[in-house]
Amino acid sequence: ALVSHNIGADVLVLLTDIAGLYTADPATDANAAFVEEVAADDELLTVHAGSAGSARGSGGMASKLSAARIASWSGVRTVIASATRADVLEQAIAAIPGAGTQFLPHNRNLSARKLWIAFAAQHSGSVVVDDGARTALIERNTSLLHAGIVEVHGDFVAGDTVEIKDMRDVVFARGMVSVDAVQASAAAGRHSSELPDGVVTELVHRDDLVILLNTK
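Position 120 (the sequence shown) corresponds to 120 in the numbering used here; numbering is contiguous.
Just so you know, the hints here were simulated from the structure itself, not pulled from any lab data.
Beta carbons: idealized from backbone N, C-alpha and C, even for Gly.
Some clues are possibly wrong.
[Claimed, not checked] Here are the simulated SDA-like cross-link-like pairs (lysine to any residue), alpha carbons at most 20 Å apart as the crow flies:
| id | residue 1 | residue 2 |
| --- | --- | --- |
| 1 | 165 | 186 |
| 2 | 165 | 202 |
| 3 | 165 | 135 |
| 4 | 165 | 189 |
| 5 | 165 | 147 |
| 6 | 165 | 143 |
| 7 | 165 | 142 |
[As the list claims (entries may be wrong)] Simulated DEER-style distance windows between Cβ atoms:
| id | residue 1 | residue 2 | range |
| --- | --- | --- | --- |
| 8 | 197 | 66 | 38 to 48 Å |
| 9 | 206 | 30 | 44 to 54 Å |
| 10 | 82 | 31 | 14 to 24 Å |
| 11 | 180 | 94 | 13 to 23 Å |
| 12 | 196 | 111 | 14 to 24 Å |
| 13 | 190 | 31 | 50 to 60 Å |
| 14 | 131 | 153 | 49 to 59 Å |
Please build the complete structure, drawing on both the sequences and the hints.
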């Protein structure tokens, strides 16, 4: 998925042993319905996908769903389709109905840097923010200031990626921190005028932060 973004691909085709994405595992649930098109980010996050992989495939449907989301957020149309379907690649590229599940490009179209922060970088810890900070990050696209930090977890260093959680322990963003965990803990809840010398105002600059939840 990240490669498809880097090379400017028009479409990413992920082949598996079933027709595409279903609302449940069709092997165990007779009521499972085929999902022909996924257009909105909230659908990408809420649809269910089993984690088991096939004997012939690489990873399960959950991993393919994750790849589809990465590609969608980078502006690349994605198709999950059956590897045994005749002319599957031609049909998927041409967006033929029924050729598989189509994941339409999302309007976020994240940069390669933000895609890496959101999906590829291993997180080294987490911070919990208050409701005011959460609102500022989501609604006003601000940087994360130390004043909004409630808790700091992990043993990260400057430049590491951390998960950003709200007061209900929901991860809603990821970002690259400007200081280590010790400095972050010491600065948590403190306003800019109260910070020690050498500690920058932002724990995570907005250019290094990605909101994961659908906020439309």
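Against the structure, the hints come out as follows:
no. : hint                     : result
1   : 165 with 186             : holds (19 Å)
2   : 165 with 202             : holds (16 Å)
3   : 165 with 135             : holds (12 Å)
4   : 165 with 189             : holds (15 Å)
5   : 165 with 147             : holds (15 Å)
6   : 165 with 143             : holds (15 Å)
7   : 165 with 142             : holds (16 Å)
8   : 197 with 66: 38 to 48 Å  : holds (42 Å)
9   : 206 with 30: 44 to 54 Å  : holds (48 Å)
10  : 82 with 31: 14 to 24 Å   : holds (20 Å)
11  : 180 with 94: 13 to 23 Å  : violated (51 Å)
12  : 196 with 111: 14 to 24 Å : violated (32 Å)
13  : 190 with 31: 50 to 60 Å  : holds (53 Å)
14  : 131 with 153: 49 to 59 Å : violated (19 Å)
Hints 11, 12, 14, counting from the list given before, are not met by this structure.
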